[in-house]
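> Each chain, written out:
2 protein chains.
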Amino acid sequence: MVMGPAAYAASLGATVARMTYELHYWPTIQGRGEFVRLALEAAGAAYVDVARGDDAAGQGLPAMQKLLLDRQQPHPPFAPPFLKDGVLLIGQTATILQHLGPTLKLVGRSDAARVWTQQIQLTIADMVTEAHDTHHPIASSLYYEDQQPEALRRAAVFCRERLPKYLRWFEAIIARNPAGTRHLVGGKLSYADLSLFQLVEGLRYAFPRATQAVLAGTPGVLALHARVAALPKLKAYLASPRRLPFNQQGIFRQYPELDIV
Amino acid sequence: MVMGPAAYAASLGATVARMTYELHYWPTIQGRGEFVRLALEAAGAAYVDVARGDDAAGQGLPAMQKLLLDRQQPHPPFAPPFLKDGVLLIGQTATILQHLGPTLKLVGRSDAARVWTQQIQLTIADMVTEAHDTHHPIASSLYYEDQQPEALRRAAVFCRERLPKYLRWFEAIIARNPAGTRHLVGGKLSYADLSLFQLVEGLRYAFPRATQAVLAGTPGVLALHARVAALPKLKAYLASPRRLPFNQQGIFRQYPELDIV
Numbered sequence: 001m002v003m004g005p006a007a008y009a010a011s012l013g014a015t016v017a018r019m020t021y022e023l024h025y026w027p028t029i030q031g032r033g034e035f036v037r038l039a040l041e042a043a044g045a046a047y048v049d050v051a052r053g054d055d056a057a058g059q060g061l062p063a064m065q066k067l068l069l070d071r072q073q074p075h076p077p078f079a080p081p082f083l084k085d086g087v088l089l090i091g092q093t094a095t096i097l098q099h100l101g102p103t104l105k106l107v108g109r110s111d112a113a114r115v116w117t118q119q120i121q122l123t124i125a126d127m128v129t130e131a132h133d134t135h136h137p138i139a140s141s142l143y144y145e146d147q148q149p150e151a152l153r154r155a156a157v158f159c160r161e162r163l164p165k166y167l168r169w170f171e172a173i174i175a176r177n178p179a180g181t182r183h184l185v186g187g188k189l190s191y192a193d194l195s196l197f198q199l200v201e202g203l204r205y206a207f208p209r210a211t212q213a214v215l216a217g218t219p220g221v222l223a224l225h226a227r228v229a230a231l232p233k234l235k236a237y238l239a240s241p242r243r244l245p246f247n248q249q250g251i252f253r254q255y256p257e258l259d260i261v
Numbered sequence: 001m002v003m004g005p006a007a008y009a010a011s012l013g014a015t016v017a018r019m020t021y022e023l024h025y026w027p028t029i030q031g032r033g034e035f036v037r038l039a040l041e042a043a044g045a046a047y048v049d050v051a052r053g054d055d056a057a058g059q060g061l062p063a064m065q066k067l068l069l070d071r072q073q074p075h076p077p078f079a080p081p082f083l084k085d086g087v088l089l090i091g092q093t094a095t096i097l098q099h100l101g102p103t104l105k106l107v108g109r110s111d112a113a114r115v116w117t118q119q120i121q122l123t124i125a126d127m128v129t130e131a132h133d134t135h136h137p138i139a140s141s142l143y144y145e146d147q148q149p150e151a152l153r154r155a156a157v158f159c160r161e162r163l164p165k166y167l168r169w170f171e172a173i174i175a176r177n178p179a180g181t182r183h184l185v186g187g188k189l190s191y192a193d194l195s196l197f198q199l200v201e202g203l204r205y206a207f208p209r210a211t212q213a214v215l216a217g218t219p220g221v222l223a224l225h226a227r228v229a230a231l232p233k234l235k236a237y238l239a240s241p242r243r244l245p246f247n248q249q250g251i252f253r254q255y256p257e258l259d260i261v
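Residue numbers (our numbering), protein chains in the order written: chain Y, 1 to 261; chain C, 1 to 261.
Bear in mind the hints are in silico, worked out from the structure with no lab data behind them. From a predicted model like this one, the values you see are computed outputs, not experimental measurements. Virtual Cβ for every residue (Gly too), placed ideally from N, Cα, C. A few of these clues could be false.
As the list claims (entries may be wrong) - Under the rule of at most 25 angstroms between Cα atoms (straight-line distance), these lysine-lysine pairs were calculated in the DSS-like manner:
hint, chain 1, residue 1, chain 2, residue 2
1, C, Lys165, Y, Lys84
2, C, Lys165, Y, Lys66
3, C, Lys84, C, Lys66
Said to hold, decoys possible - Pairwise CB distance ranges, derived in the manner of DEER restraints:
hint, chain 1, residue 1, chain 2, residue 2, range
4, C, Arg160, Y, Gln148, 17 to 25 angstroms
5, C, Pro178, Y, Arg243, 34 to 42 angstroms
6, C, Gln254, Y, Pro208, 38 to 46 angstroms
7, Y, Arg176, C, Ala216, 49 to 57 angstroms
Stated by the list, open to error - Coverage of chain Y stretches by chain C, computed from C-beta distances (three or more under 8 angstroms per stretch; other residues unrestricted):
hint, stretch
8, 24-30
9, 40-51
10, 62-76
11, 170-183
12, 214-225
13, 229-238
The task is simple: from the sequences and hints, build the whole structure.
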């Protein structure tokens with residue numbers, strides 16, 4: 001997208017007409033893109049998962065790379081996932097969700113509800129990074145096998161200290177929600193609920209024993225996870241081929257030696 | 001703060017009367033709290049740095065711990081820093097800045113400007129976490145000396161791969177700003193500018209050689225850093241005792257062996 005200063009200024013103030021969203025993310029993993037997919041799917045929003053499309057149709061990885069490398073792009077994302085919403089290009093998972101929230105009705109209307117939802121989302125993001133770093137404590141650019149001794153040390157700390165600390169915080173805020181324990185924020189579904197569902201899914205895949213040990217003491221997190229999984233649109237999505245399976249290239253990987261109780 | 005459901009619901013919708021902000025953060029380090037301090041100082045906002053106050057005056061660490069451990073608090077922060085703004089309690093550095101931005105006039109007015117500013121802020125936050133993890137790649141709960149071999153490996157990757165990648169991204173978005181290269185977003189100072197200043201300060205302290213080598217190729221980042229440092233309110237703050245010096249307990253630490261060129 002090439003824009004001069006005037007078009008850019010106009011775009012910053014523009015009310016964007018509703019179009020099909022374009023999600024750009026690595027095509028073979030759930031990864032951070034999945035948090036965005038879940039929001040789009042739960043809301044029944046029209047979107048194209050661009051990098052999973054056909055090169056011949058102008059999609060596929062080349063389409064994603066083209067946007068990432070476009071030197072005319074005034075708001076280049078640092079990394080996938082990113083969302084194209086009309087003229088807007090938005091990176092950072094939590095920012096994408098915050099942008100989508102009001103339109104998809106996945107966040108409360110008040111400033112306070114929006115701030116609290118985003119605060120929870122950033123805490124989920126922190127835990128996602130820590131979960132990733134259990135198998136890549138030295139560098140994402142190295143193989144797991146080349147940082148396995150470090151991974152074993154980091155995973156022990158993650159499973160014994162961080163995993164309980166985070167999940168118990170989520171349990172506390174569910175238990176303290178003055179509107180009831182069905183949701184993280186107020187009495188309605190938010191993007192944070194969807195992300196917590198995904199976080200639990202990932203933790204159960206990657207650290208089944210350690211996660212189960214903690215979840216036994218966090219009934220509110222478990223119930224919220226089950227409630228999200230049963231949402232009709234989510235249930236249909238999870239059973240569809242659009243839902244990629246977990247695998248050994250994503251954030252959550254099944255290395256039994258890292259599941260330390 | 002004990003609130004029943006009705007008071008809580010009212011608080012979610014309330015327009016908060018302007019009061020003195022209360023910043024809660026560890027009293028002896030710049031850390032993540034510094035990104036909030038810089039915003040408050042640059043705007044000349046009235047605030048109390050609670051944990052640095054007197055225990056006798058109801059401040060100090062006990063006041064911070066009391067809020068952190070308050071089981072009646074419906075929005076408990078996961079960790080410092082957090083901000084008390086009237087009845088609102090807000091954690092996560094980027095969320096605090098996003099909340100403060102409009103009131104302190106440290107963010108543009110359009111949704112698009114706000115989304116872009118927050119996207120940059122989250123990318124700064126990611127780099128801050130990676131900088132921290134150079135000296136604590138295994139666990140924050142262990143001493144540096146107990147994870148030094150891992151730190152040496154991680155720091156090498158940080159200095160050679162990540163530091164250039166991040167700083168060159170900041171350089172690119174400054175160079176591509178259609179409103180000019182004086183700021184990250186549009187033609188006005190934003191909280192992202194202040195945070196980039198702090199990031200450069202920290203990197204120069206912790207990794208002076210590696211950072212200098214990259215900054216030589218990022219004149220836009222250097223110029224923005226100098227421009228922020230020269231803002232009258234910031235300059236006064238940086239020369240005051242309110243600005244804590246960097247030290248070996250913070251995010252940015254001076255371990256020469258980790259400054260790898």
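> Would you mind marking each hint as holding or not holding in the structure?
Cross-check of the supplied hints:
1. C/Lys165 x Y/Lys84: holds (23 angstroms)
2. C/Lys165 x Y/Lys66: Between lysine 165 of chain C and lysine 66 of chain Y the Cα gap is close to 18 angstroms, so the pair holds against 25 angstroms.
3. C/Lys84 x C/Lys66: Within the cut-off at roughly 13 angstroms; holds.
4. C/Arg160 x Y/Gln148: 17 to 25 angstroms: Cβ of arginine 160 of chain C to Cβ of glutamine 148 of chain Y: about 21 angstroms, so the range 17 to 25 angstroms holds.
5. C/Pro178 x Y/Arg243: 34 to 42 angstroms: holds (39 angstroms)
6. C/Gln254 x Y/Pro208: 38 to 46 angstroms: holds (41 angstroms)
7. Y/Arg176 x C/Ala216: 49 to 57 angstroms: Holds, since arginine 176 of chain Y and alanine 216 of chain C (Cβ atoms, about 51 angstroms apart) stay within the stated range.
8. 24-30: Answer violated; 0 residues pass the 8 angstroms Cβ test.
9. 40-51: violated (count 0)
10. 62-76: holds (count 6)
11. 170-183: It holds: at least three residues are needed, and the stretch 170-183 of chain Y offers 6 whose Cβ sits within less than 8 angstroms of chain C.
12. 214-225: violated (count 0)
13. 229-238: That given contact is violated, which follows from only 0 residues of the stretch 229-238 of chain Y lying within Cβ reach (below 8 angstroms) of chain C.
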